[in-house]
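Protein chains: 2
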Amino acid sequence: MPKESEINLVYNYIDQNLNRFVSRIQEFVRQPSISAENRGVQEAAKLLASYFKKIGCQNVEIVPTRRHPVVYAELDSNAETTLLVYMMYDTQPVDDEKLWVSPPFEANIVPLDLPSGKVSALIGRGSINTKGPLITFINAVEAIVSTLGKLPVNLKFIAEGEEELGSPHLPDFVNEYKNKLKGAKATIFPSFLEDTWGKVKLSLGNKGIVYFELEASGKNWGKGPIEFDIHSSNKAWIDSPTWRLIDALSTMAKDNGRTITIDGFYDDVVEPSEEDEKLLKELAKSFEPEKIKETLKVKEFIFDENDKYNLLKKFLFSTTLNIDGIWSGYIGPGSKTVLPHKATCKVDVRLVPNQNDPNKIISLIRRHLDNRGYNDIEIRQLNGYKWSKTSVNHPVVQAVISSIHSFNKDVEIWPLTAGSAPMYLFNDVLEAPAVHLGLGHGARAHSPNEYIVIKGNKYVSGIDIAHKFFVKFLFNFGK
Amino acid sequence: MPKESEINLVYNYIDQNLNRFVSRIQEFVRQPSISAENRGVQEAAKLLASYFKKIGCQNVEIVPTRRHPVVYAELDSNAETTLLVYMMYDTQPVDDEKLWVSPPFEANIVPLDLPSGKVSALIGRGSINTKGPLITFINAVEAIVSTLGKLPVNLKFIAEGEEELGSPHLPDFVNEYKNKLKGAKATIFPSFLEDTWGKVKLSLGNKGIVYFELEASGKNWGKGPIEFDIHSSNKAWIDSPTWRLIDALSTMAKDNGRTITIDGFYDDVVEPSEEDEKLLKELAKSFEPEKIKETLKVKEFIFDENDKYNLLKKFLFSTTLNIDGIWSGYIGPGSKTVLPHKATCKVDVRLVPNQNDPNKIISLIRRHLDNRGYNDIEIRQLNGYKWSKTSVNHPVVQAVISSIHSFNKDVEIWPLTAGSAPMYLFNDVLEAPAVHLGLGHGARAHSPNEYIVIKGNKYVSGIDIAHKFFVKFLFNFGK
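Respectively, the protein sequence lines represent chains A and B.
The numbers in the first sequence follow numbering that gives the first Met the number 0, run straight up by one, and end at 478.
The numbers in the second sequence follow numbering that gives the first Met the number 0, run straight up by one, and end at 478.
Zero decoy hints are in this set.
Identical copies carry no separate label here, and so any pair may be met within one copy or between two of them.
Heads up, simulated DSS-like pairs for lysine-lysine below, C-alpha to C-alpha not over 27 angstroms straight-line:
#1 Lys-218 x Lys-298
#2 Lys-222 x Lys-284
#3 Lys-117 x Lys-200
#4 Lys-296 x Lys-218
#5 Lys-313 x Lys-218
#6 Lys-290 x Lys-222
#7 Lys-284 x Lys-457
#8 Lys-97 x Lys-222
#9 Lys-218 x Lys-97
#10 Lys-296 x Lys-97
#11 Lys-290 x Lys-457
#12 Lys-218 x Lys-292
#13 Lys-222 x Lys-296
#14 Lys-222 x Lys-307
#15 Lys-307 x Lys-218
#16 Lys-290 x Lys-218
#17 Lys-296 x Lys-408
#18 Lys-408 x Lys-198
#19 Lys-313 x Lys-222
#20 Lys-292 x Lys-222
Source of the hints: derived by calculation from the structure; they are not laboratory data.
No experiment lies behind these values; they were computed from the predicted model shown.
Produce the complete structure using the sequences and hints provided.
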């Protein structure tokens, strides 16, 4: 364990190299890596591999999968303990570029008014989710290695390029590399955990997800237009696949999608465990629904926001059936009159304890549709994985918490986050429980003007602290 | 009345000038005039005006409206009778260009296999709907004027550029030009009335239409994302405008859209009149549902096709609620996870006797939605006009029928067509009842590979006959 003075040497290195470290973040954000569109993913993988080499990693590999590669790297420090570092280097698409105040791949640093005050922020697709935290962690490792020669723990990096697709081939990779990965004590996922008021939110798990498309088509149905959209006057004697999809969807949920009415859908959902209930109650004390509304620019929740315990419980422990997109027929300007030959929607289901099997969800929906005569409606599954949870008492979580405290920050512990990540591979398959960690702030993941804070304010940490936190954690955990 | 030899002179002129006449059709198809996208409409109006001048029209005017101009022209022949000639020079958009065998604005003439045998056809957007028939009529007028000096009737041309938008400003034009237009005996709409087997279908009226958009948005609703699409994990505690639109739509129809469940929607719909019933029964004898299915590439009708009377009655005298298009959220490739902030659909309602007031339909839908708490769902009306019908006994209809017979063609009389055109302006406002007319064939209006036949086969007339028919009709009517 290094003396305080040794950590201060590392911190000094960070301060002296901060401009270069930020430039490295910009460089990586400027390299598009949109997995859904196969845009720049290979180039991003190569760039990332070059960073791993620069900081002294061994066995840097770009491991092909059936779609986008995993970048794998080891940093052996001859230490007792090994940590897996899970990262994602892909991002969501950009389909509303005109709404961005700075182009999504320029990574410009601009002034930004947060509710908590002025900051400067790097604007770019993937900046918070998660290229900013990823590069910050790599920079922090560089700072330790350059200053002290080696880390207090061994690291094995697993950076995937398909997280935004639902990590379809990460299971293959984990299976293939199982022998190299096993024996690690825990898995960390570098993030920036501060919200817009600098409040630190530590999540101990993730919901699972199943993502699929539903399609009603004349071709499958045998009714309606089969090959192409036809003149809409034919609606009087030819059926409509579009109405069919709407009818089918309307059997799957009610109350504007609040209640899922798919037969057996809720059967596996359980109440929060005793530990989770305790964490939820504690969390409810400090939880500020107003700030969520501010960030998302929404006016109200489905549930009473004064009953914070229930609001949080619903958020974190409810399964959902969301329509991510729907399209059919003519969607341009003006009044084109067609009877469409097909209608398609994209749907995601978030999985909570104990919805353990994504395939079961698909089967339930198939059966639900079949039982109502909708056997022609096609289900195309795009991905699916289960939920995961790490105990608050695990040493990795305790090290994260004590590191946060050492920066004079309180931490709000979330038993689960509503977002999905394939952490079950670590928690369940590799038995190296996973935890998000990090100081710093960013927001608008998946939305226009995604950002991370570079220069903070009274509440929100700047990018310097974000770097130093990872250093502190590695030493705390390595103790 | 000219002797047969005089008509033959005109026919000879057509035969000698046919290549040039077809080139004129190509030239007009090559000039895009997509009213919904405001693409080429002004240029097309100018081109059309130049044609009217070339054939000797007086008072050729490009009359501005609040959107696209009407091209107006008079051809005074010092005759007793005046006919109005309604035309449309705008077309539907092209949004599936890759499905076209020949580019939609090249107007190439290519071999085509019809069910009735090989033909050569001009492929292009607007070729059948209705640039081909429009230019053919103009060519026919040129042939008469060039050969005989003048026509047996006076003509007043009204060519609108907004038919595909539902003719929003044609009522303004008709009102403004009422004094010039009144006193005409009838209105003709040049068309190619043969189907793919050369069978002539003469329609005596049109359904009306109301076209509108429905939109559910967080902004109007106050629930759900207000300003932009947000991460779909928020579905657990934030509402979905997309599900809201689906819920609302599902209250408006059932049985895959076959039955409209909007309160009071069917109240004004009446049974066919005695004359219409008679025409329907006659029509049922020769009506071949198989050929409709062939043309539309559909496998089945909603109703039993062996009961032809009922099938036709449903087609022609049913009101409909069709979804022309629907869109919300992410509609690209792969799995982007968003909770959309709005969902929109385009809907058309076809109006039959006696649904006389398009605004009443909008009011019914508004009240239906309001009564169910959907007062936040916006209705944006894009257009609307009533149905129209001309009696089979009107002299203009009798002249059309006898002209068709003189080409040794039988004619199938349709009391109404399921498509919409704003003929009520002529039938009701100007008291000059309207009728479609024309030999020749084309199809796939509003679809890829829209075409007209140039060189016919054993069943289908070529473009020469299409020209000669208009000549014959003008003399028959002018008698």
